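Visitor: The lines below spell out each chain.
There are 2 protein chains.
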Amino acid sequence: MSEKFQTVRGMRDFLPEQAVKKQFIEDVCRQVFEKYGFAPLQTPVVEEFKLLAKKGSGGEAIKDEIYYFKDKSERELGMRFDLTVPLARIVANNPQLPKPFKRYQIADVYRYDRPGASRYRKFTQADIDIVGSFSMLADFECIAASIEILQKLGLKFKVRISNRNLLEEIAVCCGIEKESVKECFRCIDKLDKIGREGVASELKEKGIASKILDTIEKNNIAEVVKQVKKKEGLEELKELMALFKKAGIDKFVKIDLSLARGLEYYTGNVFEIAIENGPSVGGGGRYDNLVASYGGQQTPAVGISLGVDRILDALQNKLKPQAGAKVFVVPIGKEMQVQALELVQKIRAVGINAAMDLNSRGISKNLDYANKLGIPFVAILGEKEAKEKKFSLKNMKTGKEKKVKIADLKKLKDKLK
Amino acid sequence: MSEKFQTVRGMRDFLPEQAVKKQFIEDVCRQVFEKYGFAPLQTPVVEEFKLLAKKGSGGEAIKDEIYYFKDKSERELGMRFDLTVPLARIVANNPQLPKPFKRYQIADVYRYDRPGASRYRKFTQADIDIVGSFSMLADFECIAASIEILQKLGLKFKVRISNRNLLEEIAVCCGIEKESVKECFRCIDKLDKIGREGVASELKEKGIASKILDTIEKNNIAEVVKQVKKKEGLEELKELMALFKKAGIDKFVKIDLSLARGLEYYTGNVFEIAIENGPSVGGGGRYDNLVASYGGQQTPAVGISLGVDRILDALQNKLKPQAGAKVFVVPIGKEMQVQALELVQKIRAVGINAAMDLNSRGISKNLDYANKLGIPFVAILGEKEAKEKKFSLKNMKTGKEKKVKIADLKKLKDKLK
Numbered sequence: 009m010s011e012k013f014q015t016v017r018g019m020r021d022f023l024p025e026q027a028v029k030k031q032f033i034e035d036v037c038r039q040v041f042e043k044y045g046f047a048p049l050q051t052p053v054v055e056e057f058k059l060l061a062k063k064g065s066g067g068e069a070i071k072d073e074i075y076y077f078k079d080k081s082e083r084e085l086g087m088r089f090d091l092t093v094p095l096a097r098i099v100a101n102n103p104q105l106p107k108p109f110k111r112y113q114i115a116d117v118y119r120y121d122r123p124g125a126s127r128y129r130k131f132t133q134a135d136i137d138i139v140g141s142f143s144m145l146a147d148f149e150c151i152a153a154s155i156e157i158l159q160k161l162g163l164k165f166k167v168r169i170s171n172r173n174l175l176e177e178i179a180v181c182c183g184i185e186k187e188s189v190k191e192c193f194r195c196i197d198k199l200d201k202i203g204r205e206g207v208a209s210e211l212k213e214k215g216i217a218s219k220i221l222d223t224i225e226k227n228n229i230a231e232v233v234k235q236v237k238k239k240e241g242l243e244e245l246k247e248l249m250a251l252f253k254k255a256g257i258d259k260f261v262k263i264d265l266s267l268a269r270g271l272e273y274y275t276g277n278v279f280e281i282a283i284e285n286g287p288s289v290g291g292g293g294r295y296d297n298l299v300a301s302y303g304g305q306q307t308p309a310v311g312i313s314l315g316v317d318r319i320l321d322a323l324q325n326k327l328k329p330q331a332g333a334k335v336f337v338v339p340i341g342k343e344m345q346v347q348a349l350e351l352v353q354k355i356r357a358v359g360i361n362a363a364m365d366l367n368s369r370g371i372s373k374n375l376d377y378a379n380k381l382g383i384p385f386v387a388i389l390g391e392k393e394a395k396e397k398k399f400s401l402k403n404m405k406t407g408k409e410k411k412v413k414i415a416d417l418k419k420l421k422d423k424l425k
Numbered sequence: 009m010s011e012k013f014q015t016v017r018g019m020r021d022f023l024p025e026q027a028v029k030k031q032f033i034e035d036v037c038r039q040v041f042e043k044y045g046f047a048p049l050q051t052p053v054v055e056e057f058k059l060l061a062k063k064g065s066g067g068e069a070i071k072d073e074i075y076y077f078k079d080k081s082e083r084e085l086g087m088r089f090d091l092t093v094p095l096a097r098i099v100a101n102n103p104q105l106p107k108p109f110k111r112y113q114i115a116d117v118y119r120y121d122r123p124g125a126s127r128y129r130k131f132t133q134a135d136i137d138i139v140g141s142f143s144m145l146a147d148f149e150c151i152a153a154s155i156e157i158l159q160k161l162g163l164k165f166k167v168r169i170s171n172r173n174l175l176e177e178i179a180v181c182c183g184i185e186k187e188s189v190k191e192c193f194r195c196i197d198k199l200d201k202i203g204r205e206g207v208a209s210e211l212k213e214k215g216i217a218s219k220i221l222d223t224i225e226k227n228n229i230a231e232v233v234k235q236v237k238k239k240e241g242l243e244e245l246k247e248l249m250a251l252f253k254k255a256g257i258d259k260f261v262k263i264d265l266s267l268a269r270g271l272e273y274y275t276g277n278v279f280e281i282a283i284e285n286g287p288s289v290g291g292g293g294r295y296d297n298l299v300a301s302y303g304g305q306q307t308p309a310v311g312i313s314l315g316v317d318r319i320l321d322a323l324q325n326k327l328k329p330q331a332g333a334k335v336f337v338v339p340i341g342k343e344m345q346v347q348a349l350e351l352v353q354k355i356r357a358v359g360i361n362a363a364m365d366l367n368s369r370g371i372s373k374n375l376d377y378a379n380k381l382g383i384p385f386v387a388i389l390g391e392k393e394a395k396e397k398k399f400s401l402k403n404m405k406t407g408k409e410k411k412v413k414i415a416d417l418k419k420l421k422d423k424l425k
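So the sequences go chain by chain: A and B.
Take the first sequence: its letters are residues 9 to 425, numbered as in the numbering used here.
Take the second sequence: its letters are residues 9 to 425, numbered as in the numbering used here.
Excised from the complex, chain A in its bound form (with noise of 0.2 Å):
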């Protein structure tokens, strides 16, 4: 036998019944963002490397966590690590798009990550993104969207949301110096990775005081509001908060300070989604300098990425549809095959998914395969049916038969469903 190949170490294949699920989520997805009126856009998993390099605080130290490398002609070219950076790059190149531009994109990603459980080198993400709003609005949008997609897909999470305005001001209320604001959020970062201790013990090493750990973790926003003197931060929250209440979904989301997430490319709010006792499976947040750093006009944006994999991983057990046909149409000899695919030409233009046996099998094989596939019907035909104009229906699940009239095959569909 010849060598075998596997996939590239990191990433997985999806076969039919993983592919089917995974599917089913990506179509939610996409249907509540066409809901909220976000339209697709389709661009290539390949881009320049100054490109993927510019993002945040990226530089050419990316190279070690992106797929990098260079085409026949030395462009120096990379895959891409989001959705985000070809989004920048388009709004920022194409001035003439009405604004606000809402756009989504559902497609894959790739990182030179280490790869461990629920971490892959290539996995599937599903965007929402608004340019063109200052509005927290286009906040409460985003958010809205995932809490109907997390919701349709009966899980049950919780959406934490956290302000860097609001963040700094804290920091400077708890006398940390402006030149150490970045790298103590860097740190409280960490909270979910090292615990409060790492997080006090890594702070006292770099000299910041550490009274802001008591301030995050306490959450008490009531307090908060008196300390603090610039209140811009603080009004972002209160007004998106006060959006999810009379929408009627205030009970899916929570502010949390100890969220720190990305706060070097955050601007304003940032949103972590993650299910209950289970991991993250989305974030974002306000981003209203990333389009000008891509060459564009300085524009607000916002947006949210939920992570298709991880969502997988979750539902993997709730979720049964069903791969493939129906219906499996079995020819009772070689002499009935024609009438067969007639047979399931017919059962098609009905609007039922339909197969047929392509290898002249007998009954109980045909039967077998159906099974192992988790064909739901299979339909019998022999002479003496298709003389009648009728074919026998198996129920998989029952092994209950009928006879059917080909003539009622439009009535079968609506059984079907």
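Treat the hints with care, since some could be wrong.
Straight line, CA to CA, 20 Å or less: simulated EDC-like cross-link-like pairs of lysine to aspartate or glutamate [said to hold, decoys possible]: (1) B:Lys254 to A:Glu343; (2) B:Lys354 to A:Asp258; (3) B:Lys30 to B:Asp321; (4) A:Lys259 to B:Glu350; (5) A:Lys238 to A:Glu185; (6) B:Lys219 to B:Asp264; (7) B:Lys29 to A:Glu42; (8) A:Lys253 to B:Glu350; (9) B:Lys413 to B:Glu391; (10) B:Lys43 to A:Asp416; (11) B:Lys253 to A:Glu343; (12) A:Lys328 to B:Glu42.
Hints listed in this document are in silico derivations from the structure and should not be mistaken for laboratory results.
Small disclaimer: the values here were computed from a predicted structure and weren't measured.
Since the structure of chain A is already known, use the hints to place chain B on it.
Guide: Same frame as chain A, but now just chain B:
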């Protein structure tokens, strides 16, 4: 202003207007594929280089034709140039998959081609393959599904069919030496590109009798039937054509002996689908040896690949699917904003794609925005309307406005269809 960035040479983005059309084509493909009982598969765009080099006569030489690179652990990788290679890998590595294995995959592939008109370095293929059946029914299923897709899209097209075994037998009958047969068909494959004269002189150069050109161009099957001794290929073609006749779709297909595509790879029937007076938009055939060459058991296989970009280019002006929202909600004055939010959520709740003003603009600017995005209806909400639990619905095409009760939103959904 900062530096601007472009897409990688030879690749293109699909902005919303185009992406909606492209997705429409992909949706039609998926819907028909599923109707025919094909199940989805998703695989990474990056594969081991060894795997990519293994297809057909590829080898090291394909490095020039693909995106090839090494990762940080010096693994040789490449971007997939088609969707058949990952399929072969999966079938070879998963002998437990019930056969026939019918899968579809709609995804991007990458080639380091010289960019040109309708030739991109990134393009989308919609593939179906049936692995594990020798039957002509399997060939039929792939072609029939493709025909249904192109019909649904309103294209005029023809499927040309040839057969490797028949062509080789014709070559023998024309007195061509066994060792020259491959070379002979490599020349004939260039008929579209360099014309009859060109092919004839190439054949002459290589010392191959050009009599075969007459036979192939005459395309007189009845005459060929009389000539050939080994009937295998002929029988395959005849059986397949009989199935098309039975299914009433024979007008879309024709035998064309001048079709000599990929004969080093295909083992039986070969297909090519071209738009009337236009380019090829798909092709395929039977390749019974591929899976074994990837370390699997000897397994028959047949498939077709449709080129989504080419179909999009061909349909460009005919497709008018609309992106994003159907209704755009405009509050009159900032104090109506929250009520507008409630209204847009209600419109979405009945299943209508909707968006709202996020920038506190005046009516005329909002109408202008809705117009640019092609949103067909604008819902205007003033204080008076809100008190009456109504809103004004403006038809952007006719300019007509009427009052709609918020309680009647469900009825509105049917009207907007």
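Visitor: Hey, lysine 43 (chain B) versus aspartate 416 (chain A), does the alpha-carbon distance stay inside 20 Å?
Guide: The given pair, whose Cα atoms are some 19 Å apart, holds under the 20 Å limit.
Visitor: Is lysine 253 (chain B) within 20 Å of glutamate 343 (chain A), Cα to Cα?
Guide: Distance of about 17 Å is within 20 Å: holds.
Visitor: Hey, lysine 29 (chain B) versus glutamate 42 (chain A), does the alpha-carbon distance stay inside 20 Å?
Guide: holds, 14 Å
Visitor: Measure nothing beyond the straight line between the CA atoms of lysine 328 (chain A) and glutamate 42 (chain B); if it is 20 Å or shorter, mark the hint as holding.
Guide: holds, 17 Å
Visitor: Do the alpha carbons of lysine 259 (chain A) and glutamate 350 (chain B) lie within 20 Å of each other, as the hint requires?
Guide: Holds. Lysine 259 (chain A) to glutamate 350 (chain B) sits at ~17 Å (cutoff 20 Å).
Visitor: Given the hinted pair lysine 413 (chain B) and glutamate 391 (chain B), is their Cα-Cα distance within 20 Å?
Guide: holds, 14 Å
Visitor: Within 20 Å, alpha carbon to alpha carbon, are lysine 219 (chain B) and aspartate 264 (chain B)?
Guide: Given that 20 Å is the threshold and the Cα spacing comes to 17 Å, the pair holds.
Visitor: For the pair we were handed, lysine 354 (chain B) and aspartate 258 (chain A), check the Cα-Cα distance against 20 Å.
Guide: Within the cut-off at roughly 17 Å; holds.
Visitor: Does the alpha-carbon distance linking lysine 253 (chain A) and glutamate 350 (chain B) stay inside the 20 Å limit?
Guide: holds, 11 Å
Visitor: Straight-line Cα separation of lysine 254 (chain B) and glutamate 343 (chain A) no greater than 20 Å?
Guide: holds, 14 Å
Visitor: Taking 20 Å as the top limit, are the C-alpha atoms of lysine 30 (chain B) and aspartate 321 (chain B) close enough?
Guide: Holds, at roughly 10 Å.
Visitor: Next pair to validate is lysine 238 (chain A) with glutamate 185 (chain A); report whether the Cα-Cα distance is within 20 Å.
Guide: It holds: about 16 Å lies between the C-alpha atoms, which stays within 20 Å.
In this structure, none of the earlier numbered hints is contradicted; all agree with it.
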